[in-house]
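Note that the protein sequences, when read in sequence, are chains A and B.
According to the numbering used here, the residues represented by the first sequence are 720 to 991, in order.
According to the numbering used here, the residues represented by the second sequence are 720 to 991, in order.
Heads up, a few of these hints could be off.
Each pair may be met inside one copy or between any two copies, as identical chains are not told apart.
Quick list of in silico lysine-lysine cross-link-like pairs, BS3-like style, CA-CA up to 30 Å [as the list claims (entries may be wrong)]:
no.	residue 1	residue 2
1	Lys-911	Lys-813
2	Lys-773	Lys-940
3	Lys-927	Lys-742
4	Lys-914	Lys-813
5	Lys-757	Lys-722
6	Lys-757	Lys-813
7	Lys-806	Lys-914
8	Lys-918	Lys-773
9	Lys-985	Lys-757
10	Lys-902	Lys-918
11	Lys-742	Lys-940
12	Lys-812	Lys-914
13	Lys-902	Lys-940
Calculated directly from the structure, the hints in this document are not laboratory data.
2 protein chains.
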Amino acid sequence: MDKLQKNERFSVMTKMLSDSPGKIFTLGGFAEMFGSAKSTVSEDIDIIQNLFSKFGMGVIETIAGASGGVRFVPTLSISQINNSIDKMCDELKKRERILPGGYLYMLDIIYNPDKVSNIGKIFVGQFYKREIDYVVTVETKGIPLAFMTAKYLNVPLVIVRHTSEATDGASVNINYVSGSSRKIQNMVLSLKALKRHSKILFIDDFMKGGGTAKGIIELSKEFECEVVGIGVLVETAEPKKKLVDNYFSIMTLHNFNEENDNIDIKPSMNWA
Amino acid sequence: MDKLQKNERFSVMTKMLSDSPGKIFTLGGFAEMFGSAKSTVSEDIDIIQNLFSKFGMGVIETIAGASGGVRFVPTLSISQINNSIDKMCDELKKRERILPGGYLYMLDIIYNPDKVSNIGKIFVGQFYKREIDYVVTVETKGIPLAFMTAKYLNVPLVIVRHTSEATDGASVNINYVSGSSRKIQNMVLSLKALKRHSKILFIDDFMKGGGTAKGIIELSKEFECEVVGIGVLVETAEPKKKLVDNYFSIMTLHNFNEENDNIDIKPSMNWA
Numbered sequence: 720m721d722k723l724q725k726n727e728r729f730s731v732m733t734k735m736l737s738d739s740p741g742k743i744f745t746l747g748g749f750a751e752m753f754g755s756a757k758s759t760v761s762e763d764i765d766i767i768q769n770l771f772s773k774f775g776m777g778v779i780e781t782i783a784g785a786s787g788g789v790r791f792v793p794t795l796s797i798s799q800i801n802n803s804i805d806k807m808c809d810e811l812k813k814r815e816r817i818l819p820g821g822y823l824y825m826l827d828i829i830y831n832p833d834k835v836s837n838i839g840k841i842f843v844g845q846f847y848k849r850e851i852d853y854v855v856t857v858e859t860k861g862i863p864l865a866f867m868t869a870k871y872l873n874v875p876l877v878i879v880r881h882t883s884e885a886t887d888g889a890s891v892n893i894n895y896v897s898g899s900s901r902k903i904q905n906m907v908l909s910l911k912a913l914k915r916h917s918k919i920l921f922i923d924d925f926m927k928g929g930g931t932a933k934g935i936i937e938l939s940k941e942f943e944c945e946v947v948g949i950g951v952l953v954e955t956a957e958p959k960k961k962l963v964d965n966y967f968s969i970m971t972l973h974n975f976n977e978e979n980d981n982i983d984i985k986p987s988m989n990w991a
Numbered sequence: 720m721d722k723l724q725k726n727e728r729f730s731v732m733t734k735m736l737s738d739s740p741g742k743i744f745t746l747g748g749f750a751e752m753f754g755s756a757k758s759t760v761s762e763d764i765d766i767i768q769n770l771f772s773k774f775g776m777g778v779i780e781t782i783a784g785a786s787g788g789v790r791f792v793p794t795l796s797i798s799q800i801n802n803s804i805d806k807m808c809d810e811l812k813k814r815e816r817i818l819p820g821g822y823l824y825m826l827d828i829i830y831n832p833d834k835v836s837n838i839g840k841i842f843v844g845q846f847y848k849r850e851i852d853y854v855v856t857v858e859t860k861g862i863p864l865a866f867m868t869a870k871y872l873n874v875p876l877v878i879v880r881h882t883s884e885a886t887d888g889a890s891v892n893i894n895y896v897s898g899s900s901r902k903i904q905n906m907v908l909s910l911k912a913l914k915r916h917s918k919i920l921f922i923d924d925f926m927k928g929g930g931t932a933k934g935i936i937e938l939s940k941e942f943e944c945e946v947v948g949i950g951v952l953v954e955t956a957e958p959k960k961k962l963v964d965n966y967f968s969i970m971t972l973h974n975f976n977e978e979n980d981n982i983d984i985k986p987s988m989n990w991a
């Protein structure tokens, strides 16, 4: 291959890093690919790092040591996070979203690729330092959010189901109690789905009582795995006491019921 | 903002294009952002276009006319497609994947972000010229593939369920007959999910008789929408005659049953 110009190297490195979030690229690998000195590549990466930071395009992390190099972590800047959450809150406040039984219509948000990307980046910013091995969710509505988070963390997605299917193979089945309705529910996961002693991030679209999250913690124990993070898009303010203690939520829905005239949904924390 | 160097412009344009597949960026917009002449940006884009093509990093399409500009379409080169499919076939051939009832364990493939990205890019290469408005799938296993395809096409994902839920709001319910088992099944979709007169791409992980695809065509008619493409990851060679005529599959599973000693799975078409 002809030796690339500096601007061409920049374009190719940017594309490779951002296409494979979480993957470690060595400076030596880039140097060989471009026929450049390692010091040149190192200087290039410094500039790209600053650019990413300046334009809020995510973080390029330097990993030290023998297996070291650089990797791209897709995160949002604080102002991007605030804009993105404020916009979602505004959309979710619309009166026509209230459904019978005190539910909120959110499918257009949680299945929208742009919004799901932003939400995934917010979760990644919270959890990428915890050495996650798998992102786990329960079917169905949290799957896009969990998948995008898994992609950005460069780990496999695992989907827990409510009933077993022939395509799962042998599976582990547990019962859990829904935190809000107190109903007994079922969770099934293929025995092949998780390697033992893995670290798990649980992602879901909604948390009311926290029963599902607690169920995932129990299920993980059966696989000798540990839930090291829980992230949900929306939690309800009530009940205040959830069945799990440590979780991160993006938005909080206050005093919500069918008779409400307006929907009171706010960012769960102050990002300023 | 300080005026950017040429290599910095390259990095930022590459990142912006590849982060928002399907979105049209105008040359004027880039020129204004960088404080450069439009002709300069146009020359830069030409070079980036060639680089993307040379490195198999996808296509940068030029859109002519008043609302014109450039957009990034994430596709794979023919050799990348062949490599990716051959690798999946090799993995799927492993004897331990055979499950009771003549099923094949594929969850580790269809929930793996890297593989799902490649599969999404193969679907996009087939369908991006058809002006798709929505990618539709049926829960659960096809969701990651369908979501990634939707993201790459820059359109919303729509998930059809088997039973209705309170969070769907008012919904349309249809019955359909499974093409292989001849069982009557149920499909439900929220009334708000699709705008009338839209073009739909149906994506799924597996096709045996084609009953699900046919069900989606029927369901789409209730929304006055048209299915303009069907893409599946794996189809079975038998039955040869499916309930739908036009579909695209990536791999074909031949003569498969529980008693087989080996799994015969091949690319569905010759990409050379």
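So, going through the hints one by one against the coordinates:
Only between protomers do Lys-911 and Lys-813 lie at most 30 Å apart by alpha-carbon distance; the minimum there is 14 Å, versus 43 Å within a single protomer. Taking CA atoms no more than 30 Å apart as the test, Lys-773 paired with Lys-940 passes in neither setting, with 42 Å inside one copy and 48 Å between copies. In this homomeric assembly, Lys-927 and Lys-742 never come within 30 Å of each other (Cα to Cα): the closest approach is 35 Å inside a single copy and 36 Å across copies. For the identical chains of this complex, Lys-914 and Lys-813 are inter-copy neighbours only, at 19 Å across copies versus 43 Å inside a copy, given an alpha-carbon limit of 30 Å.
In the homo-oligomer, the alpha carbons of Lys-757 and Lys-722 lie at most 30 Å apart both inside one protomer (14 Å) and across protomers (27 Å), since each shortest distance falls under that limit. Taking identical chains as interchangeable, the C-alpha atoms of Lys-757 and Lys-813 are never at most 30 Å apart, the minima being 54 Å within one chain and 41 Å between chains. Proximity of Lys-806 and Lys-914 under a CA criterion of 30 Å is satisfied inter-copy only: 22 Å between copies versus 39 Å inside one chain copy. For the identical chains of this complex, Lys-918 and Lys-773 are neighbours neither inside a copy (32 Å) nor across copies (39 Å), given an alpha-carbon limit of 30 Å.
Taking the closest pair of Cα atoms, Lys-985 and Lys-757 never come within 30 Å of each other, the shortest separation being 48 Å inside a single copy and 42 Å across copies. For the identical chains of this complex, Lys-902 and Lys-918 are intra-copy neighbours only, at 28 Å inside a copy versus 40 Å across copies, given an alpha-carbon limit of 30 Å. For the homomeric pair Lys-742 and Lys-940, the shortest alpha-carbon distance inside one copy (28 Å) is at most 30 Å, but the shortest distance between copies (43 Å) is not. Taking the closest pair of Cα atoms, Lys-812 and Lys-914 come within 30 Å of each other only across two copies (21 Å); inside a single copy the shortest separation is 41 Å, beyond that limit.
Taking identical chains as interchangeable, the C-alpha atoms of Lys-902 and Lys-940 lie at most 30 Å apart only when both belong to the same chain, with a minimum of 22 Å there against 37 Å between chains.
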